[in-house]
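Participant: Here are the chains, one letter per residue:
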Amino acid sequence: MLKSNTKLLQLSVTLAACAFLFVPTLQSVLAGVTANYFRGVSSGLTLKWVGQVWELYAGSIFLSIQIALACLAATLIIGVPAAYALARNPGRMSRVLEEFISLPLAVPGLALALALLQLYGTNHGFRTHWSFILVGHVLYTLPFMVRSVMSVLAAIDLKTLEEGAASLGASPQRRFFDIVVPNALPGILAGALTVVTLSIGEFNLTWMLHTPHLKTLPVGLADSYASMRLEVASAYTLVFFVMIVPLLLAMQWASARAQRITQ
Amino acid sequence: MTLTLRNIAKTFAGGTRALLPTDLEINKGEIVSLLGPSGCGKSTLLRIIAGLETADPGAAIHFDGEDVTAQPVESRKVGMVFQSYALFPNMSVRGNIAYGLKMQKLPKSEIKARVDEVVTLCQLEKYVSQPIASLSGGQRQRVALARAFAPRPRLLLLDEPLSALDAALRTQLRDELAQLLRNFGITAIFVTHDQNEAMAIADRVAVMSHGKVAQIGTPEALYRNPDTAFVARFVGDAQPLVGRIEGNMLYLQGGKLPLSRAAEGHQAFVRAEDIRLEPRGPLCAKVEAVTFLGAHYRIALTGAAKETLFALYGGLNAPSPGDTVRLAIAPQSILTLPVDKEVA
Amino acid sequence: MFRPIVVCLGILDMTQRQFLLLCFLPLAIFTLAFLALPLARLILASSESEAGWAIYLKILQTPRYLSTLLQTVLVSVAVTFAALAISTTAGLFLVRNTFPGRSVLLSILTLPLAFPGVVVGFMIILLGGRQGLVNQLLPGHWVFAYSVLGLFLGYLYFSIPRVLLTVMAAAEKIDPALEEAALTLGAPSYRITLDVLLPALASALIAAGAIAFATAMGAFGTAFTLATKIDVLPMVIYTEFTLSANIAMASALSVVLGLVTWALLLIARSFSGTTVAAGG
Ligand SMILES: Nc1ncnc2c1ncn2[C@@H]1O[C@H](COP(=O)(O)OP(=O)(O)O)[C@@H](O)[C@H]1O
Ligand SMILES: [Mg+2]
Chain A
1 MLKSNTKLLQ LSVTLAACAF LFVPTLQSVL AGVTANYFRG VSSGLTLKWV GQVWELYAGS
61 IFLSIQIALA CLAATLIIGV PAAYALARNP GRMSRVLEEF ISLPLAVPGL ALALALLQLY
121 GTNHGFRTHW SFILVGHVLY TLPFMVRSVM SVLAAIDLKT LEEGAASLGA SPQRRFFDIV
181 VPNALPGILA GALTVVTLSI GEFNLTWMLH TPHLKTLPVG LADSYASMRL EVASAYTLVF
241 FVMIVPLLLA MQWASARAQR ITQ
Chain H
1 MTLTLRNIAK TFAGGTRALL PTDLEINKGE IVSLLGPSGC GKSTLLRIIA GLETADPGAA
61 IHFDGEDVTA QPVESRKVGM VFQSYALFPN MSVRGNIAYG LKMQKLPKSE IKARVDEVVT
121 LCQLEKYVSQ PIASLSGGQR QRVALARAFA PRPRLLLLDE PLSALDAALR TQLRDELAQL
181 LRNFGITAIF VTHDQNEAMA IADRVAVMSH GKVAQIGTPE ALYRNPDTAF VARFVGDAQP
241 LVGRIEGNML YLQGGKLPLS RAAEGHQAFV RAEDIRLEPR GPLCAKVEAV TFLGAHYRIA
301 LTGAAKETLF ALYGGLNAPS PGDTVRLAIA PQSILTLPVD KEVA
Chain D
1 MFRPIVVCLG ILDMTQRQFL LLCFLPLAIF TLAFLALPLA RLILASSESE AGWAIYLKIL
61 QTPRYLSTLL QTVLVSVAVT FAALAISTTA GLFLVRNTFP GRSVLLSILT LPLAFPGVVV
121 GFMIILLGGR QGLVNQLLPG HWVFAYSVLG LFLGYLYFSI PRVLLTVMAA AEKIDPALEE
181 AALTLGAPSY RITLDVLLPA LASALIAAGA IAFATAMGAF GTAFTLATKI DVLPMVIYTE
241 FTLSANIAMA SALSVVLGLV TWALLLIARS FSGTTVAAGG
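Protein chains in written order, with this note's numbering: chain A, 1 to 263; chain H, 1 to 344; chain D, 1 to 280.
Simulated from the structure, these hints should not be mistaken for lab results.
Predicted model only: the values in this text are computed from it and were never measured.
Certain hints may be false.
Said to hold, decoys possible - Below, in silico cross-link-like pairs of lysine-lysine (BS3-like), each with a Cα-Cα straight-line distance of 27 Å or less: (1) K7/A - K229/D; (2) K159/A - K306/H; (3) K159/A - K28/H; (4) K112/H - K102/H.
As the list claims (entries may be wrong) - Not the full set, but computed from the structure, chain H residues with beta-carbon under 7 Å of chain A: (5) M80; (6) G100; (7) S109; (8) E110; (9) V242.
We treat Cβ as the ideally placed atom computed from N, Cα and C, and that holds for glycine.
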């Protein structure tokens, strides 16, 4: 009796939390395709608002995709070799370095953006180029890539595998591409999906770094929340969900897969 | 290939002296086993030969007279079989075996021919296209061997290649491995802590202790004429006969035994299989315990020497615990060795 | 894509050491240029008003900043405890029970992980804004999105998934035999929760709490969208920087905020060994 009561309480809390998180999501999806939200769904379903969002904000969506892909490339080039080097050199220095590059996880994006703005804000060419936003995104997502790859590398006996390859005549760079990268792939995949997901959703840094001509998707969202009618804001949020939810699910799948390897 | 090692020593960063200056000579086509207890420096020596570890300054490693001391592992052309096999999980069996050949940038057709040859030799035909994860321990061991051997290394190095297997499989694969190595006709060094493995596989065995080679010789020579008490104990489990030696007589608690030579100041040892139960034997002992081992009984005896002695008894009517028995040991079966400081 | 790199690296005959250094190089350049130097600049900039380094003292002496700091801490503490309570209850339930629809519930509960703070703010507006659900369903005027409650709910919205994941990961590692042992000893289920489960979860709860607190402290997007009447630290930093152009103060407040959140996440990591994404 007592046991089932406890269970019931737990279930109610779980369902309430789900409702709290899911109901507004559903609302925004509905509002995005409802002709007049104030009158309710009975006013009819329409894709008018989504079309309007596309007209107004297609540019910001493409910019976000462009930055996310560039961010992915940068974190791959910077993060994968670094994760390998950190995994092969365990020690105090490596831990300090790992801690340092993880700062952007802890320090709020706003503070990082202020720091970047003060050092590079006066360089007009850079300040107004999309790569300025990219730098912020790489800064924020890099630790995810590094850690994801490192955790997979830590789980395989990398040193011995490399020694095996070396004894067969493979040079350090061959070993990296033949042994390290293929065996780190689950971690690289999980890291890549995390990087893209986070980059597309990044707001805190981007809001400070963007210029009126360079609006990413979340910046556009903030813009629409402040100045558009509810239906348009919802439709835009709907578009964002359509992009981010599959990415999130893929990311969770890939992370769980990578985690299974590390156990 | 002839391998010459001069003055090989290794002190690790933490200060551990894993190897004391060691010299070793291995002849072309010879299979040598490094035998010793865990931590005595076997792997370190093997890894220095491979180039995976650098020896302390002053060392010299020659392959067929060529000085390879400064060469990195990837240019030494040694084949290495790791304790954990270190098979590449991202490649199939074929990919693993072909890897070393690819590194030599051989034409594809030549790589294929060689891989097929080695696969046949190691009886891996059935598994070539399987992923590594699907193989059993014994199969992995053979793939590791095939991979190391495929690029025609100058020297094959094996670090406890059987220790990852369970006991039953280990004995079977030990004999298979011995046969394969013979068929390869390659110079090989084989690290193990198991004396039976060393004896079954090697032409010569180097017994190591505390970072040094204590003795090197054929299995028979080590068994019959150990140089030190350590070797006698480690190879064939010799038991100390603690007592007093005067001239060529050994005085023990349970009686006196003639020795084959005068050995004052030495220590006497005997192996279980050399102790005979004989009604008129010179030694008196009490049976403490009797263990049936199938082919024979193992009898624990007290009162003969200072420590409990074990004897093997192959007859039908084994004595019972509590019985008093008499023992005989042939003079030539008693090993008289200098007192070993490390062991004593 | 890798081929040319391999070929061009192949020309150089590198030792393992040199190659590892090469692997560090991109990271070193990027981190120096875009993390180390900017952070140094930020810290220096905080001293570039007439007050000099005493600006940090000024934060404590100015009632507006002090009350902002206090409010931010209070909201964050409240959110942390609420998220811990809800997520631990739900997490334990989801770990201990299998039923149809479980994975759907789990997906719903982790979905907001990918929502930026602005979107979370919008979710709260949809719930408690002027055209919000609650205001439509209930008689009377129910608009709370722009109040402290709205801010609290917004922070709770993005904290629940983060805490849930940490708690569930830890709960999955608890040996079921512990619970069974307590059962065989006759412990009622509330005692099992108190005596077995919560102690086993303690370090995960501390870690998750620290993460939730740090995330709430630094959250900007949600507060920005809700444009609440109460001030939280990130919003004050933003207004100091953009509206008042008080760059030194904005920098100093950023440094303080950064130090607090960093220290908290360091604690979190020492307890759990992992850090879930900050942000929000
Ligand atoms: N990388 C290392 N760093 C420090 N000490 C080591 C290292 N490798 C081995 N040792 C030490 O050197 C000694 C010999 O080790 P090893 O050659 O592996 O022994 P064996 O293979 O005979 O068991 C041991 O005391 C071991 O702890
Ligand atoms: Mg060893």
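Participant: Each of the hints needs a verdict: does it hold here or not?
Facilitator: Here is what the structure says about each hint:
Taking the CA atoms of K7/A and K229/D, the gap is near 40 Å; set against the 27 Å cutoff, the hint is violated. In summary, the hint linking K159/A to K306/H is not supported, as the alpha carbons are separated by about 49 Å, beyond the 27 Å threshold. Between the alpha carbons of K159/A and K28/H the distance comes to roughly 31 Å, so the proposed pair goes past 27 Å and is violated. About 10 Å separates the Cα atoms of K112/H and K102/H, which keeps this hinted pair within 27 Å; it holds.
For M80/H, the interface hint holds, since its Cβ comes within 7 Å of a Cβ in chain A; the closest pair sits about 4 Å apart. Given the 7 Å rule on beta carbons, the hint for G100/H holds: about 3 Å separates it from the nearest Cβ of chain A. A hinted interface residue such as S109/H counts as satisfied when its beta carbon comes closer than 7 Å to some beta carbon of chain A; here the least separation is about 19 Å, so the hint is violated. For E110/H, the shortest C-beta to C-beta distance to chain A is roughly 15 Å, which exceeds 7 Å, and the interface hint is violated.
Because the beta carbon of V242/H sits about 44 Å from the nearest beta carbon in chain A, more than 7 Å, this interface hint is broken.
Violated hints for the displayed structure, listed by number in ascending order: 1, 2, 3, 7, 8 and 9.
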